[in-house]
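Asker: Put chain B on the given structure of chain A with help from the hints.
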Amino acid sequence: MTRPAPLLFLLLCLAAALSLHLGLRFYGPGTVWSALQGGTSTEEIIIRTLRVPRTLIGAVCGGALGLSGLLMQAVTRNPLAEPGLLGINAGAAFAVTLGLVGFAISAPLPVALLAVLGALATTALVFGIGLALGPTGGDGTVLLIGVTVAAMLGALTQVMLLMDETALETLLFWLSGGFADRPMTLLGVALPLLLLVLLACALLSGGIDALRLDDHSAQGIGVGVTRLRLIALVLAALLAALSVSLAGPVVFLGLVAPHIARRLTGPQHPFFGLAIITLLLGAIIAVLADILARVIVAPGEAPIGAVLALVGVPFLIHLLRRRRGGPA
Amino acid sequence: MSGPHLTRPGVPGTLAPRWRLPLLLMLLACGLVIATGLGTSFLSPTRVSAALIGAGSDMDEIIIWTLRLPRVALAVLAGMALALSGALMQRALRNPLAVPSILGVSDGAALGVVTFLYFFSNENNVLTVSIHWMPVAGVLGAIGLAAAIALLTAGDPRGRDPLRLILYGVALSALAKAAVVLMMILGPVYRAGQALRWLTGAVNAAHWSDVFVVAAGLALAVPVLLLLRLPMRQITLDPASARATGLGVEPTRAALLVLSVLLTALAVSQVGAIGFVGLIAPHAARIFHGQFSGGYLLSSAVMGGLLVLGADTLGRMALPPHELPAGAVTALLGTPVFLLLLLRRHHVTG
Chain A
1 MTRPAPLLFL LLCLAAALSL HLGLRFYGPG TVWSALQGGT STEEIIIRTL RVPRTLIGAV
61 CGGALGLSGL LMQAVTRNPL AEPGLLGINA GAAFAVTLGL VGFAISAPLP VALLAVLGAL
121 ATTALVFGIG LALGPTGGDG TVLLIGVTVA AMLGALTQVM LLMDETALET LLFWLSGGFA
181 DRPMTLLGVA LPLLLLVLLA CALLSGGIDA LRLDDHSAQG IGVGVTRLRL IALVLAALLA
241 ALSVSLAGPV VFLGLVAPHI ARRLTGPQHP FFGLAIITLL LGAIIAVLAD ILARVIVAPG
301 EAPIGAVLAL VGVPFLIHLL RRRRGGPA
Chain B
1001 MSGPHLTRPG VPGTLAPRWR LPLLLMLLAC GLVIATGLGT SFLSPTRVSA ALIGAGSDMD
1061 EIIIWTLRLP RVALAVLAGM ALALSGALMQ RALRNPLAVP SILGVSDGAA LGVVTFLYFF
1121 SNENNVLTVS IHWMPVAGVL GAIGLAAAIA LLTAGDPRGR DPLRLILYGV ALSALAKAAV
1181 VLMMILGPVY RAGQALRWLT GAVNAAHWSD VFVVAAGLAL AVPVLLLLRL PMRQITLDPA
1241 SARATGLGVE PTRAALLVLS VLLTALAVSQ VGAIGFVGLI APHAARIFHG QFSGGYLLSS
1301 AVMGGLLVLG ADTLGRMALP PHELPAGAVT ALLGTPVFLL LLLRRHHVTG
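Residue numbers (the numbering used here), protein chains in the order written: chain A, 1 to 328; chain B, 1001 to 1350.
One chain only, chain A, in its complex shape (with noise of 0.2 Å):
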């Protein structure tokens, strides 16, 4: 495969317009295109007001988790690193329970400013933690520390919960995570977020690239080591709290698509072609997950997370089981 960006962008397109066909209802094209156009019929009004927010939310999602995951893997040489199971979508998460209920923060921005605290605070303390520990520790020492720091956080925000019950019904939707009706207006904020930190992954690309090598060797060549590590996580924390505060916690994105991207593009592939195909395919596989949410419990609707972990959990098997130095 020479350049499968494009492929991407067309199966990116494609998915986009089958989640504006498919849900409940069937819509002709006919009818989706007079929606977009703006007509103001019954089905054009559900296409436009909650077909559209929910594919257009999916894919900045997707994406900004599969960049997200990427980074994290790429800086932090774990394979298995991931905003979801690393916990940093549940301190996100947290923070915007804690600021709900301590202080009745409930306008988009102010959330989205304490899901970037939140995911910054817990990707410090995980990442923190893993440092401690050092090279011994191992990949799979990263994921038991995040998992842990993920169920005490859990368990913090239940308790939260439980003490205020308003907030548990403005929450309970959120935080089971889903791109369905949710607000459009942090879409203006996500997506211009999304694009710059696609800009700083082009001029962070050279070094990253670097840092396949081993610390001593990318230190050599001129690279800042830790400065770059401590860029890209904390570019990772900003894209995860962006997407939990859109869709709130969504697993296992960040894990699957880097790994497909590095599947089609070879293991020499320069970072930055990978951060645009890692986006694409994240926006994919969220689009095409919503779609497959709103179909297999019709006329309900499955949480995008049990459709995410269906798919991701043999993903993640796999990819433990693969020996060490197989293809990456």
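Hints were generated in silico from the structure; no laboratory data involved. Even for Gly, the Cβ is constructed at its ideal location relative to N, Cα and C. Careful: at least some of the hints might be erroneous.
[As the list claims (entries may be wrong)] Facing chain B, from chain A, some residues (calculated, C-beta under 7 Å):
hint	residue
1	Gly300
2	Leu316
3	His318
Answerer: Same frame as chain A, but now just chain B:
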């Protein structure tokens, strides 16, 4: 609690070893009486004790025997089962971080229970078979998930590292959680309601029948544990030395793991998923009692009973009128302990 100088047997501590177990048991008895007295109407320990020996007022006896005591007893017994399960698993894997709850055994039990509710309840919210089969379904689910983890680990190309066992557990428990969520949505709401009440992992709806089930399970485990006394000492050696002492390492490990899964499944099927007890209690017992002195398992069990009793009591007293699930309280306590253990283990070995 005592300092770390008590961890090594033979080092003179502040408390003579033979007094440690009686002290723990006394603590448990006091805890039981106090926890029974606490509630919407406070009963003093003297009134509780009087009612317990049948000398209290009728009102007190009704409150205590039908309302408070089943819950308190269930908390203690479930805590004991969970702690024992953790101690056995840690012994079998020679890894102080192995915990049944992280291994996903409780999620397997949850899957079993939800599957049971899915198939055996009808539109009228009535079970088509006896409710007493529900714990059996939980136990079966837990065993199924544990077997899947064991198979994956046994077939692992990178070798049977205990850490990989835990990682497979993390993965499969995520799968079980997803399956539970999907089934609850697929099934109509009346099933979801039943399942949710159980899944939150609390001892609040305790009946004497639940208490008897856990007590009977624990009683059955005691003779098995007595039989395994010597092998459990031998397995603490490295595998080669253990073999040299005449131990079949693999069969012993398998037996301990099976017993551990059964104990967790028993507790979880009655009280829901209360995590981290199997981590904290054995560790506290290691510090307080010493891992290699006699009575370590009993000491772990009592610690576990105290822990869940404390968590449940704290949960219902901390923020009235709300009741925090005991599982949330143990998770809050358990995480720092787990992370500290990870860090300390690193300082010892690395």
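Asker: Hints numbered earlier in the text: which of these fail when held up against the supplied structure?
Answerer: Number 3 - this is the single hint that the structure violates.
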